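Which chain is which? The protein sequence lines are A and B, in order. Residue 29 in the working numbering sits at position 29 of the first sequence, and the numbers go up by one each step. Residue 2 in the working numbering sits at position 2 of the second sequence, and the numbers go up by one each step.
The hints are simulated quantities; they were obtained by calculation from the structure and are not laboratory data. It is possible that some hints are incorrect.
Claimed, not checked - SDA-like mimics (lysine to any residue), calculated; alpha carbons at most 20 Å apart, straight line:
{"no.": "1", "chain 1": "B", "residue 1": "Lys68", "chain 2": "B", "residue 2": "Arg82"}
{"no.": "2", "chain 1": "A", "residue 1": "Lys84", "chain 2": "A", "residue 2": "Val74"}
{"no.": "3", "chain 1": "B", "residue 1": "Lys245", "chain 2": "A", "residue 2": "Thr201"}
{"no.": "4", "chain 1": "B", "residue 1": "Lys225", "chain 2": "A", "residue 2": "Glu212"}
{"no.": "5", "chain 1": "B", "residue 1": "Lys209", "chain 2": "B", "residue 2": "Arg47"}
{"no.": "6", "chain 1": "B", "residue 1": "Lys209", "chain 2": "B", "residue 2": "Gly78"}
{"no.": "7", "chain 1": "B", "residue 1": "Lys225", "chain 2": "A", "residue 2": "Ala42"}
{"no.": "8", "chain 1": "B", "residue 1": "Lys225", "chain 2": "A", "residue 2": "Gly215"}
{"no.": "9", "chain 1": "A", "residue 1": "Lys84", "chain 2": "A", "residue 2": "Ala42"}
{"no.": "10", "chain 1": "B", "residue 1": "Lys225", "chain 2": "B", "residue 2": "Phe171"}
{"no.": "11", "chain 1": "B", "residue 1": "Lys245", "chain 2": "A", "residue 2": "Arg197"}
{"no.": "12", "chain 1": "B", "residue 1": "Lys225", "chain 2": "A", "residue 2": "Lys125"}
{"no.": "13", "chain 1": "B", "residue 1": "Lys209", "chain 2": "B", "residue 2": "Pro22"}
{"no.": "14", "chain 1": "B", "residue 1": "Lys245", "chain 2": "A", "residue 2": "Ala208"}
{"no.": "15", "chain 1": "B", "residue 1": "Lys245", "chain 2": "A", "residue 2": "Arg194"}
{"no.": "16", "chain 1": "B", "residue 1": "Lys68", "chain 2": "B", "residue 2": "Lys209"}
{"no.": "17", "chain 1": "B", "residue 1": "Lys225", "chain 2": "A", "residue 2": "Pro72"}
{"no.": "18", "chain 1": "B", "residue 1": "Lys209", "chain 2": "B", "residue 2": "Glu90"}
{"no.": "19", "chain 1": "A", "residue 1": "Lys125", "chain 2": "A", "residue 2": "Lys84"}
{"no.": "20", "chain 1": "A", "residue 1": "Lys84", "chain 2": "A", "residue 2": "Ile35"}
{"no.": "21", "chain 1": "B", "residue 1": "Lys225", "chain 2": "B", "residue 2": "Arg47"}
{"no.": "22", "chain 1": "B", "residue 1": "Lys225", "chain 2": "A", "residue 2": "Ala208"}
{"no.": "23", "chain 1": "A", "residue 1": "Lys84", "chain 2": "A", "residue 2": "Asp44"}
{"no.": "24", "chain 1": "B", "residue 1": "Lys225", "chain 2": "B", "residue 2": "Ser48"}
{"no.": "25", "chain 1": "B", "residue 1": "Lys245", "chain 2": "A", "residue 2": "Asp44"}
{"no.": "26", "chain 1": "B", "residue 1": "Lys195", "chain 2": "B", "residue 2": "Asp118"}
{"no.": "27", "chain 1": "A", "residue 1": "Lys84", "chain 2": "A", "residue 2": "Leu3"}
{"no.": "28", "chain 1": "B", "residue 1": "Lys68", "chain 2": "B", "residue 2": "Asp118"}
{"no.": "29", "chain 1": "B", "residue 1": "Lys225", "chain 2": "A", "residue 2": "Asn211"}
{"no.": "30", "chain 1": "B", "residue 1": "Lys249", "chain 2": "A", "residue 2": "Leu177"}
Said to hold, decoys possible - Looking from chain A toward chain B, a few residues come up when the C-beta cut is under 7 Å (computed):
{"no.": "31", "residue": "Ser147"}
{"no.": "32", "residue": "Asp179"}
{"no.": "33", "residue": "Ala183"}
{"no.": "34", "residue": "Pro185"}
{"no.": "35", "residue": "Thr206"}
{"no.": "36", "residue": "Trp209"}
{"no.": "37", "residue": "Leu210"}
{"no.": "38", "residue": "Asn211"}
Only a predicted model underlies this, so the values are computations on that prediction, with no experimental measurement involved. A virtual CB, placed ideally from N, CA and C, is assigned to each residue, including glycine.
These are the residues of each chain, in order.
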Amino acid sequence: MDLISVSESNSTTTLRFEQPERRNALSVVMLEALIDGLDRIARDDRGSILRLEGAGSAFCAGIDLDAGRENPDVLQRLLELLSKSMQLIRAMPRVVIAQVQGAAIAGGCALLSACDFTCGEPGTKVGYPVTRVGLSAAVSVPTLTGSIDSSSIRSLLLEGSVIDAFDARRIGILTHLADSVDALPRMVDDLCGRLSRNEPTAMLRTKAWLNELDGTTEATFHESALVRSVASGRTDEAMAMLKQNWAGKEPKR
Amino acid sequence: MTGGLVEVRVEDEVGRLIMNRPEARNALSLEMIESLHDSIDQIRNDRSIRVVVMEGAGRAFCAGMDLKGVMDDPEKMGDMLRTLARVTLEIRSISVPTIARVQGAAIGGGCGLSGVCDFVVSHPEVKIGYPEISLGICPAVVATWLMLRIGAGNARTALLTGGLLPAEQAFDLGLIDRLVPEAELDDEIQGLVRKISAGGPQAIMTTKKWLNELDGAEIEAQVLKGAELSAEVIRGPEAQERLRKVFAK
């Protein structure tokens with residue numbers, strides 16, 4: 001089974017994470033597959049909408065920290081690929097909608113922050129609990145600044161907690177909230193249908209203009225944020241906390 | 001000045017800037033936008049004014065850009081967008097607080113005008129929002145102001161979705177600051193004017209000037225660049241075809 005799947009329907013392309021047994025955690029190969037898929041979609045000018053989904057009970061449980069057990073350098077690679085993925089989503093010449101059932105945690109939440117629309121359900125949980133393992137979620141800041149206000153960013157990143165769907169909707173990290181998990185795909189279908197009736201050139205030029213105004217596609221902003229997250233992962237504090245975290249779990253095979 | 005496309009009335013230190021094209025729901029023709037420019041100049045030169053109330057005669061505040069009248073002249077559409085962009089900058093630069101009295105409708109460019117004011121007072125039945133992209137138009141002029149008013153994330157959702165917003169949602173987003181029954185609009189605005197006028201004029205003007213500075217040094221360049229972008233998109237074949245279909249109905 002491929003790690004991601006890509007399908008087309010009318011003006012909408014759907015990119016889906018296909019590792020439900022790992023709650024679509026972002027490994028190096030998963031992120032590489034995501035970047036490859038995003039690159040191909042960005043070059044295809046036949047559609048105006050991209051829908052991001054995760055198979056199974058969770059949209060995405062975040063970056064696969066277990067991969068750093070044997071080689072801590074993998075963490076840097078994961079963060080670099082995550083940053084690249086976020087930049088590709090934000091700059092995507094399509095309107096990007098995330099369909100978020102269950103968890104969108106840490107790296108999963110970072111991907112959400114780069115989307116134009118984020119649709120959740122009452123069981124959706126988002127947040128950045130990475131400070132608990134000594135890491136900084138700074139890498140997510142450039143796109144978060146284009147989604148939610150400054151005090152909410154501080155609260156999310158410094159407290160390191162996970163918030164429920166209702167709080168996520170209140171602060172705007174979710175733009176839409178379905179009544180139930182079963183109603184979520186229909187809500188996203190309806191949004192795709194509505195957006196597909198907009199004139200594509202006007203819509204995509206507007207997206208590009210909004211990106212320019214909010215600065216969320218500035219490469220230097222992303223590079224600076226990435227440097228900070230990578231540096232946090234190299235500290236003795238992070239290594240000690242990560243080891244403690246790994247010691248509490250059996251390695252996943 | 002009375003009887004023109006835009007009227008200015010000054011009473012009790014309140015300057016009223018009245019769009020006066022009720023038969024067209026105060027849709028913004030090039031002539032009307034130019035009249036707004038002249039009238040704002042008049043308001044800015046009157047040192048007796050402590051508060052400005054921007055309003056529309058008749059049933060609607062402003063139904064948006066009057067593109068039907070220039071359907072065969074895309075260059076003139078561009079001129080309208082550029083002039084509108086300048087007018088939004090001029091409204092923002094009025095040294096005293098500005099209040100938009102929004103009844104009936106504030107659509108597209110009309111919503112752009114209300115959104116650049118310091119306060120927006122409206123009622124639950126109002127038709128408000130940015131339907132531009134469904135018409136093939138890029139709302140780049142208003143995007144800059146909307147982002148400042150309601151934040152980048154909310155502006156993205158509102159502009160990329162297009163269409164109108166329920167008044168309650170517009171209120172929750174911050175597109176409307178005070179939502180009262182239509183019959184109470186004038187009382188609400190009078191109360192707001194009294195409250196503002198009770199403050200020290202210098203303190204208020206200094207505060208507004210500082211808030212305008214916080215909009216950013218690039219604001220003028222951004223708004224004008226937005227106008228060029230909007231003008232470019234509206235000249236394009238997709239927008240022209242979509243507009244012809246809409247106006248043929």
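Structure-based check of all given hints:
Under the criterion of a C-alpha separation no larger than 20 Å, the hint pairing Lys68/B with Arg82/B is consistent with the structure, at around 17 Å. Of the pairs offered as hints, the one joining Lys84/A and Val74/A holds, with about 15 Å between alpha carbons and a cut-off of 20 Å not exceeded. Taking the CA atoms of Lys245/B and Thr201/A, the gap is near 17 Å; set against the 20 Å cutoff, the hint holds. Of the supplied pair hints, the one linking Lys225/B and Glu212/A holds, its CA atoms being roughly 11 Å apart against a limit of 20 Å.
Our distance criterion of 20 Å between C-alpha atoms is met by Lys209/B and Arg47/B, whose separation comes to about 16 Å. Taken as a hint, the Lys209/B and Gly78/B pair is broken in the structure, with Cα atoms around 30 Å apart against an allowance of 20 Å. About 25 Å separates the Cα atoms of Lys225/B and Ala42/A, which puts this hinted pair outside 20 Å; it is violated. Distance check on the hinted pair: Lys225/B and Gly215/A sit about 15 Å apart at the alpha-carbon level, within 20 Å; holds.
Between Lys84/A and Ala42/A the alpha-carbon distance is near 14 Å, which keeps this suggested pair within the 20 Å criterion. Among the hinted pairs, Lys225/B with Phe171/B is inconsistent with the structure: their alpha-carbon atoms are about 29 Å apart, more than 20 Å. At most 20 Å may separate the alpha-carbon atoms for a hinted pair to count; Lys245/B and Arg197/A meet this at roughly 14 Å. As the CA atoms of Lys225/B and Lys125/A are separated by approximately 39 Å, the hinted pair breaks the 20 Å bound.
Between the alpha carbons of Lys209/B and Pro22/B the distance comes to roughly 33 Å, so the proposed pair goes past 20 Å and is violated. Distance hint between Lys245/B and Ala208/A is unfulfilled; the C-alpha atoms sit about 26 Å from each other, more than 20 Å. Only pairs whose Cα atoms come within 20 Å are accepted, and Lys245/B paired with Arg194/A is accepted, the gap being roughly 18 Å. A threshold of 20 Å between alpha carbons decides the hint, and for Lys68/B with Lys209/B the separation of about 37 Å lies outside it, so the pair is violated.
This hinted pair does not check out: Lys225/B and Pro72/A have alpha carbons roughly 46 Å apart, beyond 20 Å. Taking the CA atoms of Lys209/B and Glu90/B, the gap is near 13 Å; set against the 20 Å cutoff, the hint holds. Between Lys125/A and Lys84/A the CA atoms are separated by roughly 24 Å; this puts the pair beyond 20 Å, and the hint is violated. Simply put, Lys84/A and Ile35/A have alpha-carbon atoms about 7 Å apart, close enough for the 20 Å limit, and the pair holds.
The straight-line distance between the Cα atoms of Lys225/B and Arg47/B is roughly 32 Å, outside the 20 Å bound, and the hint therefore fails. Only pairs whose Cα atoms come within 20 Å are accepted, and Lys225/B paired with Ala208/A is accepted, the gap being roughly 13 Å. For the hint pairing Lys84/A with Asp44/A, the CA-to-CA distance comes to about 19 Å; that is within 20 Å, so the pair holds. Taken as a hint, the Lys225/B and Ser48/B pair is broken in the structure, with Cα atoms around 34 Å apart against an allowance of 20 Å.
At roughly 28 Å between alpha-carbon atoms, Lys245/B and Asp44/A are farther apart than 20 Å, so this suggested pair is violated. This hinted pair checks out: Lys195/B and Asp118/B have alpha carbons roughly 14 Å apart, not beyond 20 Å. For the hint linking Lys84/A to Leu3/A, the alpha-carbon distance of about 18 Å falls within 20 Å, and the restraint holds. With a CA separation close to 30 Å, the supplied pair Lys68/B and Asp118/B exceeds the 20 Å bound.
With a C-alpha separation of about 14 Å, the suggested pairing of Lys225/B with Asn211/A holds against the 20 Å cut-off. Distance restraint check for Lys249/B and Leu177/A: the Cα-Cα separation of roughly 35 Å exceeds the 20 Å cut-off, and the hinted pair is therefore not satisfied. This hint holds: Ser147/A has a C-beta 4 Å from the nearest C-beta of chain B, less than the 7 Å allowed. Annotation: Asp179/A was flagged as interfacial toward chain B, and the flag is violated, the nearest CB pair being 17 Å apart, outside 7 Å.
For Ala183/A, the suggested interface contact is broken, since its CB lies about 19 Å from the closest CB of chain B, more than 7 Å. The beta carbon of Pro185/A is not positioned within 7 Å of any beta carbon in chain B (closest approach about 19 Å), and the interface hint is therefore violated. Annotation: Thr206/A was flagged as interfacial toward chain B, and the flag holds, the nearest CB pair being 5 Å apart, inside 7 Å. The interface hint given for Trp209/A holds, since its Cβ lies 5 Å from the closest Cβ of chain B, which is under the 7 Å cut-off.
A distance limit of 7 Å between C-beta atoms decides the matter here; for Leu210/A the minimum to chain B is near 5 Å, and the interface restraint holds. At its closest, the beta carbon of Asn211/A sits 9 Å from a beta carbon of chain B; the interface hint therefore is violated under the 7 Å criterion.
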